[in-house]
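There are 2 protein chains.
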Amino acid sequence: MGTRDRIVAAAEQVINELGLARATTREIARAAGCSEALLYKHFSRKEDLFHAVLLERMPALTPAVARLSGQVGVATVAENLEEFARAAIAFYRRSLPLSSGLLAEASLLTGFRAMLAETGGGPHLPILLLGAYLREEQKIGRVDADADPDSAAALLLGACHHRSVLGSLVDLGPDDAVAPGLVATLIAGLAPR
Amino acid sequence: MGTRDRIVAAAEQVINELGLARATTREIARAAGCSEALLYKHFSRKEDLFHAVLLERMPALTPAVARLSGQVGVATVAENLEEFARAAIAFYRRSLPLSSGLLAEASLLTGFRAMLAETGGGPHLPILLLGAYLREEQKIGRVDADADPDSAAALLLGACHHRSVLGSLVDLGPDDAVAPGLVATLIAGLAPR
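In order, the protein sequences belong to chains A and B.
Counting in numbering that gives the first Met the number 0, the final residue of the first sequence is number 192, and the numbers go up one at a time with none missing.
Counting in numbering that gives the first Met the number 0, the final residue of the second sequence is number 192, and the numbers go up one at a time with none missing.
Excised from the complex, chain A in its bound form (with noise of 0.2 Å):
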């Protein structure tokens, strides 16, 4: 492992054992072994080092996007969404110490939003993502023609985020059980038939 992937393990686990707000360069170096001059060599913002956890150390949400849009067609809708639904609540689940820290601080907040600002990146592309792919089942006639394909992902995407929080709070059971559920109802809809 090279130097600015050892800083990027590092991050992760100190934000995990003290929460972001103490997650300071010194202590993150320390944990990397390394110097904090070495550390802003690789990372000149704290901001750019948090992107780069999100990013790296927490990729369940990219492959399964990735994925997907290799399932047009493939399978059943239903499917490819549930399988996506669990990993998308295993990734919140995983960033939640990193994505709530970043919320919780004014200063932190305002940060990362210009971060994000600047990039073009930020939390919402996954459900532009799941949307797109939605829009091309939709083309291929498995999903209704007058379908709202970026609401149903961001009603799935939110349920599976807020799955990763409610869970943190309250034991409500395996979190795998919730997807099959959550699908199966954003497909049918509830207008009586």
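Read the hints as simulated data drawn from the structure, not as lab findings.
Every residue gets a Cβ at the ideal spot worked out from N, C-alpha and C, and that includes glycine.
Hints are supplied without guarantee of correctness; some may be wrong.
Stated by the list, open to error - If you want the footprint, here are the derived chain A segments under chain B, 3+ residues with CB under 8 Å:
| hint | region |
| --- | --- |
| 1 | 19 to 30 |
| 2 | 46 to 56 |
| 3 | 87 to 100 |
| 4 | 103 to 114 |
| 5 | 138 to 145 |
| 6 | 150 to 163 |
Given the structure of chain A, go ahead and fit chain B onto it with the hints provided.
Below, chain B alone, put in the same frame as chain A:
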């Protein structure tokens, strides 16, 4: 305003300004203009104080849930859900500094989790109450007999909660604009007709 209410108001203010991790009883007592001893007389555990802030200073969700139970058979299901969704997004927005602070630090999370287990409270309750409303609408035929009200409630509140997080990090336009699309999609479903 009595001492207890002043302490709860001061706690919300300090959490918003400094973040939960730095919202010490010392800071809160100072902002409330009372002694730490007096604060502890009203709130023997910091968790109880944070819970009071959530329930008493951020009341948007409780009246919205109460209102919903009076709307069974009234207006349309879509209108009722849209109004509820707007209230939920506003509530989650306002509670984000506190709720994310609780999730961000292992020690706070453990204490809050234990308190919720003891009191039977928790952030999943609005989902159960929204599910109960949908079940009543199901009984009078305004929601499909085969629908799963609890999954539908988890989808809608999940999307509202997620929106509060996404909107804090990325500029996504006005929150209120998303409610109609979420509700319409939840009602109509994705299955081809």
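Outcome of the hint check:
1. 19 to 30: holds (count 3)
2. 46 to 56: Result for this restraint: violated, n = 0.
3. 87 to 100: holds (count 5)
4. 103 to 114: holds (count 6)
5. 138 to 145: This one holds; 6 residues, not fewer than the three required, reach chain B with a Cβ under 8 Å.
6. 150 to 163: holds (count 12)
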